[in-house]
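Number of protein chains: 2
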Amino acid sequence: MRNDSYQTKLEEYARLTEKALEEKTTWGACRQRQVLDAIRYSLLGGGKRLRAAMVLEFGRLCGAPVPAALDLACAVEMVHAYSLIHDDLPCMDNDDYRRGKPSCHKKFGESTALLAGDGLLTLAFETIFSSRVLTSQQKNDAAGILAQASGIFGMIGGQVIDLESEGQKIDMDALNTLYALKTGALLRCAALLGCIAGAPEPEFLEASQIYARKCGLAFQITDDILDVMGEEEKLGKPIGSDRENKKTTYVTLLGLEGAKQSARQQIEQAKESVKEFEENGFLLWVADMILTRDH
Amino acid sequence: MRNDSYQTKLEEYARLTEKALEEKTTWGACRQRQVLDAIRYSLLGGGKRLRAAMVLEFGRLCGAPVPAALDLACAVEMVHAYSLIHDDLPCMDNDDYRRGKPSCHKKFGESTALLAGDGLLTLAFETIFSSRVLTSQQKNDAAGILAQASGIFGMIGGQVIDLESEGQKIDMDALNTLYALKTGALLRCAALLGCIAGAPEPEFLEASQIYARKCGLAFQITDDILDVMGEEEKLGKPIGSDRENKKTTYVTLLGLEGAKQSARQQIEQAKESVKEFEENGFLLWVADMILTRDH
Numbered sequence: 011m012r013n014d015s016y017q018t019k020l021e022e023y024a025r026l027t028e029k030a031l032e033e034k035t036t037w038g039a040c041r042q043r044q045v046l047d048a049i050r051y052s053l054l055g056g057g058k059r060l061r062a063a064m065v066l067e068f069g070r071l072c073g074a075p076v077p078a079a080l081d082l083a084c085a086v087e088m089v090h091a092y093s094l095i096h097d098d099l100p101c102m103d104n105d106d107y108r109r110g111k112p113s114c115h116k117k118f119g120e121s122t123a124l125l126a127g128d129g130l131l132t133l134a135f136e137t138i139f140s141s142r143v144l145t146s147q148q149k150n151d152a153a154g155i156l157a158q159a160s161g162i163f164g165m166i167g168g169q170v171i172d173l174e175s176e177g178q179k180i181d182m183d184a185l186n187t188l189y190a191l192k193t194g195a196l197l198r199c200a201a202l203l204g205c206i207a208g209a210p211e212p213e214f215l216e217a218s219q220i221y222a223r224k225c226g227l228a229f230q231i232t233d234d235i236l237d238v239m240g241e242e243e244k245l246g247k248p249i250g251s252d253r254e255n256k257k258t259t260y261v262t263l264l265g266l267e268g269a270k271q272s273a274r275q276q277i278e279q280a281k282e283s284v285k286e287f288e289e290n291g292f293l294l295w296v297a298d299m300i301l302t303r304d305h
Numbered sequence: 011m012r013n014d015s016y017q018t019k020l021e022e023y024a025r026l027t028e029k030a031l032e033e034k035t036t037w038g039a040c041r042q043r044q045v046l047d048a049i050r051y052s053l054l055g056g057g058k059r060l061r062a063a064m065v066l067e068f069g070r071l072c073g074a075p076v077p078a079a080l081d082l083a084c085a086v087e088m089v090h091a092y093s094l095i096h097d098d099l100p101c102m103d104n105d106d107y108r109r110g111k112p113s114c115h116k117k118f119g120e121s122t123a124l125l126a127g128d129g130l131l132t133l134a135f136e137t138i139f140s141s142r143v144l145t146s147q148q149k150n151d152a153a154g155i156l157a158q159a160s161g162i163f164g165m166i167g168g169q170v171i172d173l174e175s176e177g178q179k180i181d182m183d184a185l186n187t188l189y190a191l192k193t194g195a196l197l198r199c200a201a202l203l204g205c206i207a208g209a210p211e212p213e214f215l216e217a218s219q220i221y222a223r224k225c226g227l228a229f230q231i232t233d234d235i236l237d238v239m240g241e242e243e244k245l246g247k248p249i250g251s252d253r254e255n256k257k258t259t260y261v262t263l264l265g266l267e268g269a270k271q272s273a274r275q276q277i278e279q280a281k282e283s284v285k286e287f288e289e290n291g292f293l294l295w296v297a298d299m300i301l302t303r304d305h
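Going down the list, the protein sequences come from chains A and B. Each residue of the first sequence is one higher than the one before, starting from 11 at the first, in the working numbering. Each residue of the second sequence is one higher than the one before, starting from 11 at the first, in the working numbering.
Hint data in this document are derived by calculation from the structure and do not stem from the laboratory. Some clues are possibly wrong.
Copies of one chain are not kept apart here, so a pair can be met inside one copy or by any two copies together.
What the hints assert, rightly or not - Cut-off 35 Å, straight-line C-alpha distance, at most; resulting in silico cross-link-like pairs (DSBU-like, lysine-lysine): (1) K281 to K117; (2) K58 to K29; (3) K34 to K179; (4) K256 to K270; (5) K117 to K256.
It should be emphasised that the depicted structure is a prediction, and the values quoted were computed from it without experimental measurement.
Input sequences plus hints: build the corresponding full structure.
Structure follows, in structure tokens:
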């Protein structure tokens, strides 16, 4: 397949996910209207849906039925959206913008944003359990993996370390732990959920985890690079915020060239991890896209 | 059994739960220390553990092994603790005290409190899935019920309605919906989880839901009454906060006597719902205790 076909495939995955998320958050009239609007505002219409694409592609490679993988993709995107809402709150990163539009609390107020985040996290689990296509065993496995990946020794753990290290220099080891948890945990979870929606070979499971871990780290490193080099307009948020917040990043530790080289290295290793598998074209393309993205 | 034996039984349930929660939140040294401390601060050493007692007693009545019921009791208490942490935050009720000690954000700061709440909600699901005594089917059922009960059409829904109706008069219908969701949903969930930890008869399942719903509403009405009549010292929080926040309560809608009568009525109906069952003594006592509590 040519690169523009992979781009089309990524967009197709995003479209599928968007449609499913839209359906799962269509509710009738009720007294909770405002928080439902806030949930839809933050969940829908956004981003490349990289996590959903991971679920769907690993699902496809493991022979998963699309609806089964799609339910899990929605759950992962809900957890991701909840984490962004809470991350943007004034007591956290205090970000007024997200993807070029006002962040959830700027639009709906802090209390509604807090509850919208709580609601999305809960909804992720509800989505798994109310699935009509996943087996009981798959629901159990998926929800257990998702809980762990998003918990205090997963994504939340990453946010905690991020907060605690604010304003102080941390070393490469601590930074790698932070990135592995904050971004890596949910990406690894996405790859794993895709696999268990089908019938994965053990070596494929293992490869999926290496691939996702390497891609996750590369994603964070390019974030660090874009914060220095990116264009505000494309990013949809101000650049230079890391320096302003005195954050330790790959760029502050290794310099711009060092960071770029590290990102390249991670991506090479990610591609290496899936090289044995047939039909790995999309995964290779996604890895390269992470490296070369400008937003 | 005599009443003081039931009191002992409630305390024994609380002790069992406390010990299990303590074990489930004992972690080694790690970089996330602060949020783990915040979680333990808010989760441990507190309250009557009414929700856990519901799980354990309904579990006992349905022949559940204690360790199975206990895992579910812990999950429910974790969800309860998370809801209190987020409820106390400045953007919500802005409460400085909880059970007579500084609330989580007062002690650990807002961002840590936010993440501690997020972490507890996630940990509740992790607790279910990592259980060594629950079957896959039980885990699935329990987690699905818990997700629904704590979600936007359960507990969070109640908080949303609570926020939206602040400062404006609402009618009895809206107030009952609010209470049914904010407190009732998790109590019903607790009773249900106790049942499914064992092998419940269908009529018992149904009775448990009526019992928990009625007790939940009575609990809220006595909260309204205690906010007017209670002693600050016993409550561990200032009285009169409802009036100050211009909240509609059973007392503002029906007057003090009307509210007391409604609470009595709910408790009579709660007791009625379980009167056919043998060994209902503890449930009858708990219902009465809800009515006569002074904190």
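Taking the earlier hints as the rules, which of them does this structure contradict? 1
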